[in-house]
Amino acid sequence: MVGNITFVSAGAGSGKTTHLTAILCRKLGGQEVRPEKVIATTFTVKAAAELRERVAGVLLEEGRQELAASVSDALIGTVNSVCGNLLKRFSFELGLSVEQNVLDEKAAMREAAESIDASIAPDEARKMTALAGRMGVGEWREQVKAVMDLARYNNIDVALFTEFAARNSSRLLDMFPPPAAAACEEELLSVIGGIKGELRAAVADKGKKVTRTYLQQLEAFERHLRTGEASWPEWRKMSESFPEAGLKDAVSPIIAICSEVASHPRLHEDIREYIAAVFRIAGDALSRYRKQKLERGLVDFADQEVLLLEGLEQPEVCEALRERLDLLLVDEFQDTSPVQLALFLKLSRLARETYWVGDVKQAIYGFRGGDAELMRAVIEFLPEGQREVLGHSWRTVPSLVEAVNTMFTAAFSDEMQPSEIVLDPVREEHPEHQPSLMSWSLGSGRKELQYRALARGVRCMLDDGFEVFDKEDRQWRKIHYSDIAILARTNDHVVASADICKDEGIPVATVRPGLLGTPEAVLVKAALRRLLDRSDTVATAELYSLTSSKEPEVWMQERLEYLASGGDPAAWLEDGSGADRVVSRLARLRERAVLLSPMETLQAVVAEVEAPLQALSWSRTPDEGRTRLLNLQAVLHFGRQYLDECQASSSAPVPTLSGLVAWFTALADAGEDLFPEPTINAVRVMTYHKSKGLEWPVVIMLDLDATGKVDLSSPAAVSQGVLDAARPLEGRFIRFWPDPFGARRPFVPVPAITGSEDMQSVTRKAAEESKRLLYVAMTRARDCLVLAHTDKAGALAWLEEAGVGRFAGSDAENIVRWDNLAAEPAAGGGLCDLQEGGLGWLPPAVQKEAVAEQLSPSLIGDAHKAAVGGEELYGEGIIPADPGSKRSAFGKAVHDIVAFSLTQESGVCDREAVARILSNCGAGGVTDAGRLAARVQEFRDWLGRTWPDALWHVEYPVQQLLGGHRVLKGQIDLLLELQEGFVIIDHKTLSASAAWRMKKALEYSGQLEAYRNAVQVVGGRPVLGCFVHFLLSGTLVSLEYPGEAIG
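Per full-length UniProt numbering, the very first residue in the sequence shown carries number 1; after that it's consecutive.
A hint or two may mislead.
[Said to hold, decoys possible] Capping the alpha-carbon separation at 16 Å, the derived lysine to aspartate or glutamate pairs in EDC-like fashion look like this: (1) 471 x 695; (2) 447 x 492; (3) 46 x 955; (4) 346 x 316; (5) 892 x 955; (6) 106 x 644; (7) 765 x 801; (8) 127 x 273; (9) 886 x 139; (10) 346 x 326.
[Stated by the list, open to error] Here are the computed distance ranges between Cβ atoms for each label pair: (11) 46 x 1021: 55 to 65 Å; (12) 610 x 570: 20 to 30 Å; (13) 946 x 761: 49 to 59 Å; (14) 138 x 174: 16 to 26 Å; (15) 410 x 246: 43 to 53 Å.
What the hints contain is simulated information worked out from the structure, not anything from laboratory work.
Beta carbons are placed, not taken as given, at the ideal position from N, Cα and C, and that holds for glycine.
With these hints in hand, go ahead and build the complete structure from the sequences.
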């Protein structure tokens, strides 16, 4: 099986693509293989194109024009494109259509989500949501989708799901203590009732915050026990919570009872029920998803791989391929999924010669289904003589290569030989031995301050004339912004650090959502809406404001005068003396738009409103102009995506212009309107995972205090028994152990689990993948690697976890430190003062006049040091709701319903009104309209009782000028104005357990803090309280903020 396979171990920067090119050129040039008998797979389309171009270029340089031209006959592409080509080639033998309609990854995800919603009745979905709430496990659909994906990428039969559920439940609960004979709620309620009086007296007497907080938590727990709403994370939390020291003995009976939560009989029932339900729904949804694709002639990427894998069982297909396959090349072998691995093994049996090229040290896609353990088993199965190592580093300066060698020889010593880790540097060092490894201290403040320190460090590098090696000119030159990459652990940190750098005057480029909110995209969307509906006054206002540059008060006065003269409201600006050129053009376009497709209409709109010229007129620099034009191209790309979706999706088969507008809205709501990465002089900001395969002269690493996540609760595919390298899919099992306790460490109340082999295995795998990610991160830099860290304890926890912390700690040598970036520069002073040699003091950066940038409070994360103050209950029980894919529509409907109720007389917002609003918002049937109307009335009544003299300001707009050329602009759901100050209430839609509500409230604390500060500055009176309102549960969670607002 393995005699024809050669594995090439290619460390980062070791010339992998050059080696692949050399193999292919040598084989083609020596006539050992023919181009049409070559298959080469790559991880990306870009890598495939680069390999093809390199091979053709080398052959052309050798004067072999005919052979270079024939390179196009080779099958070189991503795994899925190669599978698609082979399925088309053998479509007759496999009984498939020659033409395949392939769902891309995003379309497949949407189809799968729809199949989940269609596989479960509304009542069952609401029960599932309630069960997930008690379990404290988050969104159950995500876990169902994870099980579906694991089955698809491991070729697991859904017929096994019932058995998998039973085995998971038995194995998990065997490690729990046996269930108690009876539930203990009544005893617990009796104990709580007996202690509350003493706690209340202590709060009234001493008023200690710890006791007051404990009492609020206990009373909320008591309410939830009585309503059956108490979640298991609440039980665990009550077993760990205490009031002040003098009352600890008094609450010890509560702690004792709650500490036995793991033996609660209902918990055991919930775990069995939840595991069984997830597998049952996943099986039904996967069967429905496959049926939908079959009926409409669709395949997704996983289908292509499985169909080819199954096709290779047919003798006639194997024989034909054996005759046509001289050479098989597999690039990035370590990133293959288990199904792909099985496929490559089968193809290798048919090829005369096979090369697998990769690096197990860079296997970082476990979250996508990759299995590094499986990869290692297959590679180790190969004889020593069939393994090669690329031993030179062509990418990085020698000093940095040596540093990485030293660190990771130690880190990977238990897994591989030094020869597979150590690279010999080929490049030369900087002539003046410029530092290649740096440590930047970002201070110990909150993230915003750390990112501002980061921006100062970037500016220091440029202002001081740091040099990088230009690969094209083959010489050292001054650094540019585009030579720098900033890498972070999470997308949230990418967005936050990019925003702060931009605010500090550092140009940044990053793939992030929000493109459809840019002025150029808003212009196009407004034009489309005006085209659809002449009476859409909001669209007309947006259109006119953007194209005329008139202030709102000016054009509003023009409109009022027009209406006063008897003008048709819908015809404003279309004709006559006051006609606007752009609006008139759209009026003429409307007459012929009925003959155009939605895509043709979109292109016509872009032309008629002169969107490119408008975008350029808003640009202050050439780079900004290029970015805005690229954004317009992305809008057109989204339009083409809509047409593809209509062709593939069962939910939107007929493309329309109104459907296109709705598609844009859905993309923005889902955060899928991603900015393209512009080719401008800007710092690249991205996650570590997205940096794989890329390189930059300078790389700055953030989040060095984050370690690998130990996750025993998410579904995972594992091999049972001893791994069989020849049959990698044999014995694959989906392990699913949902953790019902919600602690930072999994399964805290069950010592048998925390000390089990399974936990040790998961912990080890998490640390190994984290270590591999660290290796990938540290090998992206060509000339300089910057470790940007906090001054807090555990600042280098990631490196410590990998066993390399001592090489970058305070005692490490050969590392240049910038330790004062967090300090604000003194007036007239500089920014940086380096320790070892230093770069001296730099003059302050010149601030350019900039247009104010709008800052939306809803995009702000949790607030620094915000705390949950308590929970106010005004309604009994949770109203069931399961919006599924209508989540955004339901959220809008709830806000509209509350706003309607609070602006009408009491009782006007009845069942019929609520049902009408739900239907108009596209959320009909999501929940019971009568119960929702009653709950809104309960909220009104509670407001009247709690603040009887308050003025209600509904959907109140807020705008405040901030520092740094920013404008805070948003809308407060409900602002209560009292004589002594204000109260802010923010409405939220869904709700589960109390613990979940507390967690979600903290996530919105940054948004409410921004509103709080703005209201206090503009209103001149204090904000007395901030509340997150969970309507469906009839509760409000209060938030507390230390200190005063800053104006």
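For each hint, the structure was consulted:
no., hint, verdict
1, 471 x 695, "holds (12 Å)"
2, 447 x 492, "holds (11 Å)"
3, 46 x 955, "violated (48 Å)"
4, 346 x 316, "holds (14 Å)"
5, 892 x 955, "holds (12 Å)"
6, 106 x 644, "holds (11 Å)"
7, 765 x 801, "holds (12 Å)"
8, 127 x 273, "holds (11 Å)"
9, 886 x 139, "holds (15 Å)"
10, 346 x 326, "holds (14 Å)"
11, 46 x 1021: 55 to 65 Å, "holds (57 Å)"
12, 610 x 570: 20 to 30 Å, "holds (23 Å)"
13, 946 x 761: 49 to 59 Å, "holds (53 Å)"
14, 138 x 174: 16 to 26 Å, "holds (25 Å)"
15, 410 x 246: 43 to 53 Å, "holds (51 Å)"
The earlier numbered hint that this structure contradicts is number 3, and it is the only one.
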